[in-house]
Each structure stands twice: as structure tokens, then as C-alpha cells.
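Trainee: Residue numbers (our numbering), protein chains in the order written: chain A, 1 to 218; chain B, 1001 to 1208.
What the hints contain is simulated information worked out from the structure, not anything from laboratory work.
Treat the hints loosely; a few may be bogus.
[To be verified] Each pair of labels, with its calculated beta carbon distance range:
id: 1; chain 1: A; residue 1: ALA109; chain 2: B; residue 2: GLY1085; range: 33 to 39 Å
id: 2; chain 1: B; residue 1: PRO1101; chain 2: A; residue 2: SER67; range: 35 to 41 Å
id: 3; chain 1: A; residue 1: SER67; chain 2: B; residue 2: ALA1208; range: 34 to 40 Å
id: 4; chain 1: B; residue 1: ASP1066; chain 2: A; residue 2: ALA109; range: 34 to 40 Å
id: 5; chain 1: A; residue 1: GLY179; chain 2: B; residue 2: GLY1033; range: 25 to 31 Å
id: 6; chain 1: A; residue 1: PRO59; chain 2: B; residue 2: SER1203; range: 45 to 51 Å
id: 7; chain 1: A; residue 1: LEU62; chain 2: B; residue 2: ASP1066; range: 44 to 50 Å
Note that beta-carbon positions come from the ideal geometry of N, C-alpha and C, so glycine has one too.
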Amino acid sequence: MDGIHDMGGMHGFGKVDPEKDEPVFHAEWEGRTLALNRAMGYTGIWTIDQTRYGIERLPPDLYLTASYYKKWAIRLEKLIVELGLADADEIKAGHALRPGKTLKRKLNAADVPNTLSRGSFARPAQAPAGFKPGDRVRTKNIHPETHTRLPRYARDRVGTVEAIRGCHVFPDTAALGKGDDPQWLYTVLFDGRELWGQNAESGLKVSIEAFEPYLDPA
Amino acid sequence: MAHDHDHDHHHGSELSEMQLRVRALETVLAEKGYIDPAALDAIIEAYETKVGPHNGARVVAKAWSDPAFKKALVEDASKAVVALGLMNRVGDHLIAIENTPKLHNMIVCTLCSCYPWEVLGLPPVWYKSAPYRSRAVSDPRGILADFDVTLPAGTDIRVWDSTAETRFIVLPMRPAGTEGWSEEKLASLVTRDCMIGTGLPKSPKEVA
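Please put together the full structure from these sequences, using the hints given.
Mentor: Below you can see the structure in the form of C-alpha cells.
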């Protein structure tokens, strides 16, 4: 979706302001929010792309003003209700008013160390890769209303395939809960001028990780 | 900040509102039987104490001292980092990208906040912020200026937008004047930001 989350190349947000000796969490609830999201993710109720799409669908003014973990907390409330795991009246009450559903699994403290590394998103290929390193490609001019990982600044632009990264879960499909739909993934490299015009920073190169459905031969 | 479990009396602040809101959510999910609060404690403890940029710094220091490891790292970072034994396993798709005198690499996620958690821990607030995500791909030299970093003339910039499940860690150049240093001492030069590409390693003088 062409949402506020797709920020590459936008102006007006000002300088980056790094915090010296930043703590891991700025408040106790931030850590609880992260952990709640991880623990609920472990139950297998959603894909990582469903959670990203959950954030992208927040109202744009809220997206820009809420802190990172506040967005996560609101997203969690939203997904829990959407997936039928709790009802809005229960979240409002702060207590379960009806029994829970049976989920695939539940995270115990003893298993936490095994969940700190990421799973694999590689999947068996359904067809041979359509491109190889060195191929010139043009990204598609697409504007789906649902989740996509092709950023606006890199649509309808010509670049070069630099590497094949394997065949991966396709976010555009997985975000809708419609399965893995594996697609080939490539690193595609663009010249700064192709993205930003003749005044682009001299020597700049930018790459995106692009799924095959985003690409046409150039 | 308010880490105290027993005080929710900051009426009207976002902090107290969020503290109550998240606690309510946790209660509902625990009562439904979906989550175990003890598991949440363990997750928080891991990210506060175990997973962090010290892991990435060990990887970089090893690459600086051991050419065979560096080769393996650049070929398949997930595999090489596991072999190092810092952690049980590393998720697939970790990619190490090497800085050279002619090329400086920087990583960003313009669409959300993708970041190599396993080797760098949780991302800092600025990495997830609109200023960084908007400008990194179009004005990386300006971003470096925000970090008080100036690259030598003749060094081009390559920005990696993390738009899929591949994750990147920058392998910075080993500072001059560190010949014969132990891996441990070398690791003390490696900052989180130099593995994102918004900084350079510390100079040997800073840690001497």
C-alpha cells in the first residue's frame, strides 16, 4: 500500500538525532510489548508480513506521532481482535471474558533461548530463477492497496541484478494470510541518478531486495 | 525512566497510559492461555543482557584477524557466525558487506525497521525514525554528517535497503595502528554504528 510507512526519499523529517547511551527499552511497557509480540508470534497465528501490514494500516497521523513500541502495542490489540483471539470488550476490560482458543503452541521461558534466532524464509522453488546476476531489469510500476515490499522510490526504475538470494516467502501474499507463494529474491542495484535525477549525490548506489514479481527485463 | 512495577501514578503521561494499556493486554492474553508471563520476562532479559552489538563486534574483530574467517563470512555470514560459537544458531540470510577505501556501505530499512537483531541486538530509536528512513537512500552523506562522520574524498556510498528477510552487517575497515592486537582488543574498537554504516570504528588512541 502507498502508505506513510514507505518513507524512502521523503523530505522534511529533519536531522537524525542519535541518543547517547540509549537504553534497550525506555520504559518497562516497551519490553513487555516486544515480548508479547514475540510470544504471540511463536503461537503461529500470523506471519511476519501480517504484522508489518498491521503497522502499515494504522492511521498515518498515529504512525508519525506514536513511538515505535506504542505502534506495536496498538497493532497487537488490532491483530488479536481481527484474528478472533480476543474481543474488543475484553481488551477494554483488561480481563478475559470468554475462554481462549486452542493455538498450535505456547512459548515457555525455558524455550526462549531457542527462539532468539530467526527462522528461515527460504522455500523450495516452483520454477527456475528468471534473472541472473548482471541482468538489467526494470521494476514494475505497481500500486497495490495491500502489503508490498517494493518501495515507491524504486518503482519503474532500471537497475542491475547483483545477486540471487534464493527463493523466499513472498510478502505480498503472506501478508494476506494466503500462504508462502515462494518467489525468487534478488539484490537489485540502482545508480543514484536513476532514482533521484541528475542532482543525485555523486557516486551514490542504492540496492533493494526485490522479488521476481516486482521485475521485468529491461 | 519508570522501570518501577509498583508505580503507575504518572497520570496523563503517555508512559502511564501505555503501562496500563499493555498490562491489560498482557492480562487478557495470559488469561486466555496464549502466553506465559515468565516467557516474557525471559525474552526481555535476553535482549537487555545477551543479544547486542557486542556479538557483532566479535564477528568483525575475528574477520579483521583471520583472513580465512573473513572469506567465509563474506561468502555466507549466517554459517560463519554460527561457526564462531557466539550463539546457538543464526537465522538464515545474514549478509556481511565489506567497506573498502573506495566504497562505504550503509544499511537501512525504509519500509519498517529490519535490522540484524542477532548480531546487533534491537535497533536504536534513530534507526527506526522517519529522518533516517527517509534520507538514508537519497542523502547518505548528509546522514553521516548528522553523526559527525566525514568520509575521505573518493569514497563512494552504497546504501542497502533491507526490503526482504535478508539482513546486513557492515564489515568496516580495520583501523591502522592495530597490528598485533588481540581479537578482544580489536572488538573494543567496533561500535554498533560502524556495523550499520553510520559510523567508523574507534581510533586505537580512544581505547589505548
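Trainee: Determine for every hint whether it applies to the structure shown.
Mentor: Okay, the hints, checked on the actual structure:
At roughly 24 Å, the beta carbons of ALA109(A) and GLY1085(B) sit outside the given window of 33 to 39 Å. Taken as a hint, the range 35 to 41 Å holds for the pair PRO1101(B) and SER67(A), whose Cβ atoms sit roughly 39 Å apart. A C-beta distance of roughly 39 Å is found between SER67(A) and ALA1208(B), which places it inside the suggested range of 34 to 40 Å. Taking 34 to 40 Å as the suggested C-beta distance range, the pair ASP1066(B) and ALA109(A) conforms, at roughly 36 Å.
At roughly 27 Å, the beta carbons of GLY179(A) and GLY1033(B) sit within the given window of 25 to 31 Å. Between PRO59(A) and SER1203(B), the C-beta spacing of about 46 Å keeps the proposed range 45 to 51 Å intact. Roughly 48 Å separates the CB atoms of LEU62(A) and ASP1066(B), a value that falls within the hinted 44 to 50 Å.
Hint 1 from the earlier list is the only one contradicted by this structure; the remaining hints agree with it.
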